[in-house]
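Colleague: Residue 1368 in this note's numbering is what sits at position 401 of the sequence shown, and the numbering runs on without skipping anything.
No wet-lab data here; the hints were simulated from the structure.
One or more hints might be untrue.
[Unchecked claim] Computed cross-link-like contacts, DSS-like style, restricted to lysine-lysine with a CA-CA straight-line distance of at most 25 Å:
id	residue 1	residue 2
1	K1071	K1031
2	K1031	K1019
3	K1196	K1311
4	K1019	K1311
5	K1031	K1311
6	K1080	K1019
7	K1196	K1080
[To be verified] So the derived label-pair ranges between C-beta atoms look like this:
id	residue 1	residue 2	range
8	S1057	T1355	48 to 54 Å
9	C1020	T1177	30 to 36 Å
10	D1225	V1014	43 to 49 Å
11	V1174	G1344	38 to 44 Å
12	S1297	T1214	31 to 37 Å
13	D1366	T1228	24 to 30 Å
14	T1390	A1345	38 to 44 Å
15	F1026	Q1180	29 to 35 Å
Cβ coordinates follow ideal geometry from the N, Cα and C atoms, glycine included.
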Amino acid sequence: MNRLSRVGIAVALLAGVLWSGGGAQAVRLPSAVTVCVDASSGVVSRVTSGDKCVGAAQFWSATKSAPLLCWNASSVKRLDRSRLVSVAPSSGCVTPLRSVRAGKVALLCADAKTGVLHWPVTGLCELGNEQTWVRSAATTTTTVAATTTIAATTTTTVAATTTIAATTTTIAATTTTTVAATTTIAATTTTIAATTTTTVAATTTTVALTCAQGGSCTVGVDTGPGGGKVFYYSATAFTSTGSTCNTNCHYLEVAPSDQSTGIVWATAVDWCNNLVRNALDCQFNSIYYAYGTPNPTDSRTAAPAIGKGMANTNLIYEVLTRDGAVSTSSYAAGIAWAYTNNSKTDWFLPSKDELNELCKYAKNTGQASGGGTVCAGAISASVRGFSTVNYWSSSESTDGSTAWVQTFNAGTQNNYPKDNLSTYYVRPIRAF
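Starting from the given sequences, assemble the full structure and let the hints guide the process.
Modeller: Written out as structure tokens, the structure is:
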């Protein structure tokens, strides 16, 4: 590959990293795409319009996600190292097919001639392919209906009885024979029924949604949809790209317990430095920037802000599992990425500022936006179920060979090596 091609690839990849959450302000949802699905093989092809499909076209976007997708682990193309993508059958993805994780936004490459979609092993699309961003199998949202109770209406009819007393009149008739004549008039009784109607007004009762059902939440008191305690609230919506709430997030909740008490930040794999293969590994070089490129000290560096933890975790996972040989249980972000609780799968390793807010909750120092107020003092973190030692964040420091940690004892933040010299705790969080 000539130098010009390498430069083109690096530029395309950097744009992809910024899209996935590296930028402080830029937020871009996947554009809608038109695809056709082969009825027999399930192979997906991107097309310009539904007219080119045999049968009905499908339209995928951020709001109308694709169904569960599979990539073929045995179909690697030698030229661009990509794998064929298909729609999962009803039985799910079966070997050699592997599923694209539900709810995750994935980069796929559409062949410019055939439109067939492939998953790029290298993390970028070769020349002659079009980049396509697709969210696989959207998570299910459960809506709890409000209950309306209407009291029954009872009508009572009371019969009233009116009685007219019988009247008897006797007239004595006298004749010459002195015979008394008697006339009797029969008594008449008339009964009139009276009706009384009683009306009972209908009553409507509205049941408020709980925090876990989508209602309002109180920090430190309520449990979120994922089964974790709510520890952060923002009245202004923040973006957590890749989370279910996406651009309309207001809360952060924390997993009920630590998922590791000693793990490295990254494993020693060759694929790193802006996804370019070389002899250096991710324990000593940046996952966020190309090898030899100084990390700028701006808001993009290691993505420290609130709302960046999900994008950081997804990028670390993509880089470290590119060859499919690295277990998610062998590094901090992988443990958080694989964690599930209460049917929620969008958990992640907190960014530097998100970890600082979690420390404030653990030590009951009070919430403050951003990382300006560092966690310190107050109660021991053990009172709320945390260790008093160091926890990993998903944010690298500017030199690329270290990452940010926070001690839940003094509350201070420091950067430590990402290799075996540093093994610290992991507590996943999620946004909603």
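Colleague: Check each numbered hint from earlier against the structure, then list the numbers of those it violates in ascending order.
Modeller: When the structure is compared with the hints, numbers 4, 7, 9 and 14 turn out to be violated.
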